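Trainee: Now that you have both chains on their own, put them together as the hints suggest.
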Amino acid sequence: MAAFDSKTGSNLFSIGSERLALLGKHHKALMQGYLDGFVDETAFSDIALKKLINARILWRPDEQQPLALRPLVSELIASMVADENRRQINADVAEKLEQIRNRVQAYRDSQFKGDYSVAELQLQRLTEHVHDLSGQFEEAIDSLWHRLNSDFGFVSSLDDKIRENERAQKQLRRLLDGLDLLDFTELIELAEGNSHLRKLLVSQLQSQLSSHHSSLLEVQKRLIELLAKFRQQQSRSMLIANMAAFLRQHPKYHPADYANRSEVPNLLNQAVAIVPQAAIALDRSSERQLLAELVLSLPRSVNSSLPDQHSASFAAPFVDDAVAARQQALQLDVENFYLRVIDHGSSLSALDYLAQQQLAWDGEIWLYQIIAEYQALPVDEKQMFVMLRDEAPASAMNSLLLIQDISISLQAA
Amino acid sequence: MLQHGALLERLLAGSFICQITDEDGFRHLSNEQTQQDINHYLRPLNRRLVCNDDNSVYFLAYHELNKTAREHLSSQFTLTAQSLLPLLEWLQLVQETLGRDSALTAGDTIKLQEFVLRTEDNQSLRQRLNQLAADRFFNSQSDALDNQVKLIFRRLKEHGYLLQPHTDRQYYIVTGKIDHLIDVIRFIRDEEHLPVEDTPMQDELI
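Just so you know, the protein sequences line up as chains S and W, in that order.
According to this note's numbering, the residues represented by the first sequence are 429 to 841, in order.
According to this note's numbering, the residues represented by the second sequence are 3 to 208, in order.
Wrong hints could be hidden among the right ones.
What the hints assert, rightly or not - Quick look at which bits of chain W chain S covers, simulated, 3 or more residues with Cβ under 8 angstroms:
#, region
1, 13 to 23
2, 44 to 52
3, 83 to 96
4, 103 to 115
5, 183 to 197
Unchecked claim - Pairs of lysine-lysine, DSSO-like flavour, derived with a Cα cap of 30 angstroms:
#, chain 1, residue 1, chain 2, residue 2
6, W, Lys152, W, Lys113
7, S, Lys478, S, Lys453
8, W, Lys113, S, Lys657
9, W, Lys69, S, Lys680
10, S, Lys680, W, Lys159
11, W, Lys159, W, Lys113
12, S, Lys479, S, Lys453
13, S, Lys524, S, Lys649
14, S, Lys657, S, Lys598
15, S, Lys598, S, Lys649
16, W, Lys159, S, Lys657
17, S, Lys541, S, Lys627
What the hints assert, rightly or not - Among chain S residues calculated to face chain W with C-beta under 7 angstroms, some are:
#, residue
18, Ser665
19, Leu667
20, Asn670
21, Met671
22, Ala672
Keep in mind the hints are simulated off the structure, nothing from the lab.
Keep in mind it's a predicted model, so treat the numbers as computed, not measured.
All C-beta atoms in this analysis are idealised placements derived from N, C-alpha and C, irrespective of residue type, glycine included.
Next comes chain W alone, as it looks inside the complex (with noise of 0.2 angstroms):
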């Protein structure tokens, strides 16, 4: 367990591990005895190991669901429900800005002077952005393009999903959270049958 003791750390601390956050530990995750060990480890913590359905990113959960885990499971997911149309909104935002024909993935790279660039001279970009900024999960006060901008971006790194290799530097990684996202927004969809596609027409498919 010595050796895997930053790496438990950073899982206890609430930190999601995927291959751009932490190469090395995402590696020894990926190991089953590893897994069993931590799992081990973990026990008398009341915590286990899951990852999501693609295996692309590991975090703790609790191991038995007492009281006290439910009840902060239940304003967890209030909170994931109400970030989701922000971040789903951020995530088209960046793919329309960038002119990306795909939606963003982990691994991919944000630089925000292109970004903001991008948004400075369209207004309806411009006109989006400043509502989302203005929105309770980024809670931006500024009017400001750089100031929402670099909000929105730390706000999102201070919750995971980006990833900024250097402090001094304004470029960003998506990291294997995001993966996590969509996988939750596919799980309430197909839980709660909501009509929202995701496979093109069957005659677009012929």
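If we strip away everything but chain S, and leave its shape as in the complex, we get (with noise of 0.2 angstroms):
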């Protein structure tokens, strides 16, 4: 028995590693085929087609129909690559579980025979049935989160998006109806009595299942919030398209006067905008090194500094002791002569005055310094004096005027 084993075990050794060397031999037109959705059989020799056909790697689903890769192919390169729109999801859990039955039956008989070699055998296959059973909700698990991560982005439109998202969501319901049908009663009966089961299909195959199961519901509870998601911006699309359609048909269109409803929605109670705004204030005394911080660092006009000009020294400053004193004792006299023009009552000439007064002031600066006092009275009393200016041309040729004398009188009241 054990050698009829060997021998069947070493053909399938050879035709399967034959078969799969094919797969890597034709790997680039398989690979073509495999996104053409056909072969292109001038790619391969008669021979290596025969070859893959017999390998069950390609077949001809219809008489008219070109060579295609076999959806089992498909399905594992799709599981390979991660090619969510091509990817299959494998829900059946009743079959897996009749298989893990029947095997765990045939452990026991053939224990029960003392036949161990067949028994190891047995154990074997149950252990890689269970992992298939664990591996297959992994791999589902595996395609959900991949495509929830990328937000159905292997396809384009939002339409295929939320119909993606639906069929995600009827794959989940079956594998959690799936994940029902374990009933972890039977398996612990099934494991009675035999610590290498009771280790497989209970401790490892539950602590696995239960994580699986708490990872559906996480996709479950993403796929429905996408979903959601994805219904808004459809909702959202749509309404910006027909409602601009809408405004384009009627452009004569007003909504109603919402304003002045006795109720006005939230939504357009917008308050006008109050813009607070602040002054500098004196009056802590504690701010005021601040505040004069900041005047120091205002930005100064900075002022072209011209040289020194000496035809410009008649706008210089008095700062000679000296020449304050002669201006204020020029002022004085100025001011006896309108005392005496008061006094007087009659037109005066100031630069009679001057002779009759003998003092020592240059005409031009005196008359210049009369008008300048004159300029300055308040206007009432500026209108009790008339000033008279006595004028010449400068030359024949030149109308400019030149004061020769001033003379002042009071005004007739």
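Mentor: So this is what it looks like as structure tokens:
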């Protein structure tokens, strides 16, 4: 029996490895076939084609159809490259469960017969089945997460995303139903009295499946949230498109005056802006320092410093004490002149007064100061005096008027 | 109230606060106690804090609708109604130009250069953008595509629909105020029973 097994085993080994090598040998053409959905027959020799068909890698679904990859091969590739468009989720738990039951039975039978090498083999197969079952969920969960995390980016339109999301939710429900089929009391009974089986079927499988179960619930929650988001986006796009179309068709359309309804909806109740303003306050002595710093940091207008010009000396400020005293004396004399005018009552010539009083002022400066004093008088006092200028043109050719003398008289009241 | 001074100032100045424009402020405003405090503070100013249906954007409303408030709201609503079509057309144009599968939502980024590049080579998009830029809402006098686009985006920034994180970099982020706009449109549609659908046909759902 063991010899027979090893013979079929070696047979299987050689055929399997030979056929796996076929996949590698024609990898480019086969992958192209996966992408195109059919295989370009001219890319293979006749013998290669025959081998690929015999290896159940390629098949012809219909007489008229071109050769294509077998669904299982496509599925293998989809799973390897995580191609969510083609990846399949196998939610069939009942079949796996049936296999596990049968294997347990076979294992127990051979143990009972004392055929330990067969029992070992059966236990090996059983372990594979249990791992398959767990792996099936793992693969499905991986695929679901992958789709979720890419926001279903493998399809372009929102409608497709919504359909894909709904499909994923159906798959998820089938997976959850499949998990429900697993009855642990049954598995405990199956494992009764055997520590190997107990470990495999109860402790190991149970912890794996319960973690799958919580993963699935998490995925389900996220899928539902994402679907709600998709629906919201969809409805927003439609609202925008349809409202824009409506407004284009009805250019005269005006919505009602909601602002003057008794109840104004919050959405349309947007208060006018209030922009708080503040100015510098000097009432807090503690802030003086800060304010002074602020003032100091103000950018100052840079005066372009002109080189000193002596011609502008008349505008130089009187800083010299002697000059200031002379200025005051001049002013005093001019004031006396005005007082004399008031006393005198009639018109008085400025230069005559200067000569009469034997004052030492230069005539021009004297006249200038009298005019300046007159201009500086307040309006109502200015009206009390009449100023007559004795003027003559500078020359026959130049009509510039030069002041020769000034007469001041009291205004006849 | 002190710690919310800057936030209050922004609100009073008429800003819409959402997660994009002011993440911290938005978080504070989501707190019910803070809302109460702010409303209490705003009461003498005849203002109160409100948000849109999804609680995604906060702004200030009048507390009491006196005459001046109503006058302001009335003129403001007239402006909003006038701006609906240009804004909707802009939303559509961006969606189509950038080849997006859904409408713009808060947080989406728009690169100005990408938008210009894609519009440049497409006669019909170019045409639509031309019309949009000339609309009273944007009021562009320029014929140059670059200027038109810049103006449109600047106006939307001024109106608070877009945020420009770096003034020297030409990319914009859509703010939560766009949600408010959509809510306003939905409100008008519902209130006036406009024949504007926003749910897919029933058979498509099944």
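Trainee: So, for every hint listed, does it hold in this structure?
Mentor: For each hint, the structure was consulted:
For a cut-off of 8 angstroms, the count of residues in the region 13 to 23 of chain W with a CB near a CB of chain S stands at 3, and the three-residue condition holds. Given as covered by chain S, the region 44 to 52 of chain W passes the check, having 4 residues with a CB less than 8 angstroms from a CB of that chain where 3 are the minimum. Counting residues of the region 83 to 96 of chain W whose CB lies closer than 8 angstroms to any CB of chain S gives 7, so the stated coverage by that chain holds, three being the minimum. Residues of the region 103 to 115 of chain W lying with their CB closer than 8 angstroms to a CB of chain S number 4, which satisfies the three-residue condition for coverage.
Counting residues of the region 183 to 197 of chain W whose beta carbon lies closer than 8 angstroms to any beta carbon of chain S gives 12, which reaches the threshold of three, so the coverage claim holds. A hinted pair counts as satisfied when its Cα atoms are at most 30 angstroms apart, and Lys152 (chain W) with Lys113 (chain W) qualifies at roughly 11 angstroms. In summary, the hint linking Lys478 (chain S) to Lys453 (chain S) is supported, as the alpha carbons are separated by about 14 angstroms, within the 30 angstroms threshold. For a cut-off of 30 angstroms, the pair hint linking Lys113 (chain W) to Lys657 (chain S) stands: about 24 angstroms separates their Cα positions.
Our distance criterion of 30 angstroms between C-alpha atoms is met by Lys69 (chain W) and Lys680 (chain S), whose separation comes to about 28 angstroms. A threshold of 30 angstroms between alpha carbons decides the hint, and for Lys680 (chain S) with Lys159 (chain W) the separation of about 28 angstroms falls inside it, so the pair holds. For the hint linking Lys159 (chain W) to Lys113 (chain W), the alpha-carbon distance of about 14 angstroms falls within 30 angstroms, and the restraint holds. For the proposed pair Lys479 (chain S) and Lys453 (chain S), the alpha carbon gap of about 12 angstroms is at most 30 angstroms, so the pair holds.
The suggested pairing of Lys524 (chain S) with Lys649 (chain S) holds, with an alpha-carbon distance near 27 angstroms, which does not exceed 30 angstroms. For the suggested pair Lys657 (chain S) and Lys598 (chain S), the alpha carbons sit about 18 angstroms apart, so the restraint of at most 30 angstroms is met. Taking the CA atoms of Lys598 (chain S) and Lys649 (chain S), the gap is near 13 angstroms; set against the 30 angstroms cutoff, the hint holds. Restraint check: the Cα-Cα separation between Lys159 (chain W) and Lys657 (chain S) comes to about 26 angstroms, which is no more than 30 angstroms; the hinted pair holds.
A threshold of 30 angstroms between alpha carbons decides the hint, and for Lys541 (chain S) with Lys627 (chain S) the separation of about 23 angstroms falls inside it, so the pair holds. Residue-level restraint check for Ser665 (chain S) holds (minimum Cβ-Cβ distance to chain W is 4 angstroms; threshold 7 angstroms). Because the closest C-beta pair between Leu667 (chain S) and chain W is about 4 angstroms apart, less than 7 angstroms, the hint holds. Of the supplied interface hints, the one on Asn670 (chain S) holds, with its beta-carbon coming within about 4 angstroms of a beta-carbon of chain W, less than 7 angstroms.
Because the smallest distance between the Cβ of Met671 (chain S) and any Cβ of chain W comes to about 5 angstroms, under 7 angstroms, the interface hint for this residue holds. Using the Cβ-Cβ criterion of 7 angstroms, the hint placing Ala672 (chain S) at the interface with chain W is satisfied: the shortest such distance is roughly 4 angstroms.
Taken one by one, the earlier hints all hold for this structure without exception.
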